[in-house]
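Line order of the protein sequences matches chains V and A. So that you can map any letter, position 280 of the first sequence is 280 in the numbering used here, and since no number is skipped, the others follow by simple counting. So that you can map any letter, position 122 of the second sequence is 457 in the numbering used here, and since no number is skipped, the others follow by simple counting.
For the record, the hints were derived by calculation from the structure and aren't laboratory data. For clarity, every value in this text was computed on a predicted model and none was experimentally measured. Hints should not be assumed to be uniformly reliable.
Quick list of simulated restraints, FRET-style, between CB atoms [what the hints assert, rightly or not]:
id, chain 1, residue 1, chain 2, residue 2, range
1, V, 322, A, 485, 26 to 36 Å
2, V, 305, A, 361, 39 to 49 Å
3, A, 614, V, 32, 25 to 35 Å
4, A, 349, V, 183, 44 to 54 Å
5, A, 349, V, 190, 25 to 35 Å
6, A, 539, V, 262, 51 to 61 Å
7, V, 262, A, 357, 50 to 60 Å
8, V, 4, A, 543, 43 to 53 Å
Idealized CB from N, CA, C, for every residue including glycine.
2 protein chains.
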Amino acid sequence: RNGAVEMGHGAGGRAMAQLIDELFQRHLDNPLLRQHNDQALFTPPPGRLVISTDGHVITPLFFPGGDIGSLAVHGTINDVAMAGARPLYLAAGFVLEEGFPLADLDRLVASMAAASRSAGVPIVTGDTKVVERGKGDGCFITTTGLGVVPDGVAISGDQARPGDAVLVSGSLGDHGVAILSQREGLGFATEIRSDSAALHDLVAAMVAAVPGIHCLRDPTRGGLATTLNELARQSGVGMRLREAAIPIQPAVAAACELLGLDPLYVANEGKLVAICAADDADILLAAMRAHPLGAQAARIGEVVADPHRFVQMETRFGGQRIVDWLAGEPLPRIC
Amino acid sequence: RNGAVEMGHGAGGRAMAQLIDELFQRHLDNPLLRQHNDQALFTPPPGRLVISTDGHVITPLFFPGGDIGSLAVHGTINDVAMAGARPLYLAAGFVLEEGFPLADLDRLVASMAAASRSAGVPIVTGDTKVVERGKGDGCFITTTGLGVVPDGVAISGDQARPGDAVLVSGSLGDHGVAILSQREGLGFATEIRSDSAALHDLVAAMVAAVPGIHCLRDPTRGGLATTLNELARQSGVGMRLREAAIPIQPAVAAACELLGLDPLYVANEGKLVAICAADDADILLAAMRAHPLGAQAARIGEVVADPHRFVQMETRFGGQRIVDWLAGEPLPRIC
Ligand SMILES: Nc1ncnc2c1ncn2[C@@H]1O[C@H](COP(=O)(O)OP(=O)(O)OP(=O)(O)O)[C@@H](O)[C@H]1O
Ligand SMILES: Nc1ncnc2c1ncn2[C@@H]1O[C@H](COP(=O)(O)OP(=O)(O)OP(=O)(O)O)[C@@H](O)[C@H]1O
Ligand SMILES: [Mg+2]
Ligand SMILES: [Mg+2]
Ligand SMILES: [Mg+2]
Ligand SMILES: [Mg+2]
Ligand SMILES: [Mg+2]
Ligand SMILES: [Mg+2]
């Protein structure tokens, strides 16, 4: 496939219809998308639903472990799954920059289709806009997801209670460090890959083991530190972490040293934080470790009563420090 | 409100949390958005649902009759409504350009909130990304809508049958001409305003009058001509229009002359095309005319059997011409 995106691909005429048919719908094909209406029609299973949306503006568009297409699928599936929900459908809106190579578009939509298919969550409706050269950055993708929450599940960021256990599903910082290494052209001996993955299947196993999980959240922008601060604020509690218990890959720790980053503030795209009653923690941890995406799961701390809602950490050397909201310079455009 | 969007507003830390709290959620406030989780949880009414998504990249962001905020609300409500559905909820993803004035953002989010409130369709979840200066164009908004389809309604673009009547809800070309006039700095004696409006209330009245409507579609990008060609293709039929019956405001017709545009190819944002059995046409037309957004509704033609799926038009002078897919240069970024 040669050529590049032109303004006409967004103008509503034949060129757009052709791009949609021959590129987007060819890759993403499924019965609901094939309805070819302005909307997709379906009958949801009975029960409570959740909806979530995320724009994806990552640069570079292709990176070790994924690309913007797979990321846009995983990111929204994960936000839906963090309600304990089973994701049902995705919608995808593209903003393309004039001049963007159609070969790249084809590659990232193919990747999106593969991610959607392997997750079992079809993209059922879409939109394609084109902006002039210099008014965009190749490709932005906004995905919106819909999911159904199993009966009896009531997971929410305001449910953390003093005494609860804090768990993470695996090592932290992989995604952000993979992006930054690629961007800075750092050639590490071990290639660091994004952890980008769809977590709904892990979540289903967790909810089956412990239906009463209190909180689930994916530590994306702002990393683990920001996510725990969000949960502490929302629940009106503090947290106490043990640094030594937080899983970080040695290669990621080394890269963070080099880049001057704290891995606790670096984005992840295939990890989750879970908070549950202390009595449920062992069962939940075992369920997580039994799943490929939770093999490195760890119990990293506990929820405490704290009117200041501080997240504190016992350091590797026995000291205490406060893990505040994002410290230092932010990492731009990692998701 | 002074200042401008900074990269930190998209980085997941305190600056982002503050922008979301103090700007977005202040304007858009509603109980579901206030859940403050990664997703919004709700129990839909029983029945079939529809989902639709649209990116909005219009330039200029503010125009006579609306702005990108109200447009992003109306546009997605309308695509949901074109299934005969009652829109329930919206999700909104923002891609902001570094340097975008916060005062403009505040103004357009306020407009979005007003449009959402007046339509009775809350924005229940959102996302905020920031791209570097020169990698975006101020503000892009992708909205996704969810709606519920009343029992017995089965509206779809493949339902047009030879003999059916073709109706439009009002005058054509207002939106696109309003945008172009503003962009070209054309000062017409009569200001031409965008017709941007939420059509779900009109649709509810139409569905109540004629539950068996065959097709509904909003003639947005590509205008009436493109929409009718889409419907003809999808249903495997032809159409025959009467040019004299197609409502076009004199000021819009004059501006089109001047700009070298055919109003049939110009985008609308508050109009719809309806196709129904000929026997239902008078009842449907009366229901449309009884609604403020359908006051100028007109019956403009009929569906015919045609293996070529041509949309033909009897011109004002008694001739025949084919109304093809988009002809000539496309109009960039009008929605
Ligand atoms: N990138 C895409 N991937 C998959 N399907 C797409 C994509 N873009 C558009 N579609 C599908 O193509 C059809 C036409 O989309 P289009 O955006 O033209 O409709 P619309 O939203 O009614 O028009 P407008 O965007 O001008 O308001 C819809 O069925 C839509 O789901
Ligand atoms: N522009 C906005 N308008 C309204 N609410 C917003 C907006 N942006 C974000 N929110 C809300 O703020 C909360 C946090 O959103 P955020 O995007 O940080 O979560 P996330 O999607 O889990 O993280 P990430 O986008 O990094 O994956 C959510 O409840 C979301 O609905
Ligand atoms: Mg997210
Ligand atoms: Mg999240
Ligand atoms: Mg669209
Ligand atoms: Mg639309
Ligand atoms: Mg439409
Ligand atoms: Mg988000």
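Consistency of the hints with the structure:
A hinted range of 26 to 36 Å for the beta carbons of residue 322/V and residue 485/A is inconsistent with their spacing of about 54 Å. For the pair residue 305/V and residue 361/A, the supplied restraint of 39 to 49 Å is violated, since their beta-carbon distance comes to about 30 Å. Under the hint 25 to 35 Å, the C-beta atoms of residue 614/A and residue 32/V, about 32 Å apart, fit the expected range. Look at residue 349/A against residue 183/V: about 24 Å separates their beta carbons, and that is not inside 44 to 54 Å.
Range check, residue 349/A to residue 190/V: Cβ separation about 33 Å, and the 25 to 35 Å hint holds. Against the hinted window of 51 to 61 Å, the Cβ-Cβ separation of residue 539/A and residue 262/V comes to about 54 Å, which satisfies the hint. The beta-carbon spacing between residue 262/V and residue 357/A, approximately 27 Å, falls outside the hinted interval of 50 to 60 Å. Our hint of 43 to 53 Å for residue 4/V and residue 543/A holds, since their Cβ atoms are close to 48 Å apart.
Hints 1, 2, 4 and 7 from the earlier list are contradicted by this structure; the remaining hints agree with it.
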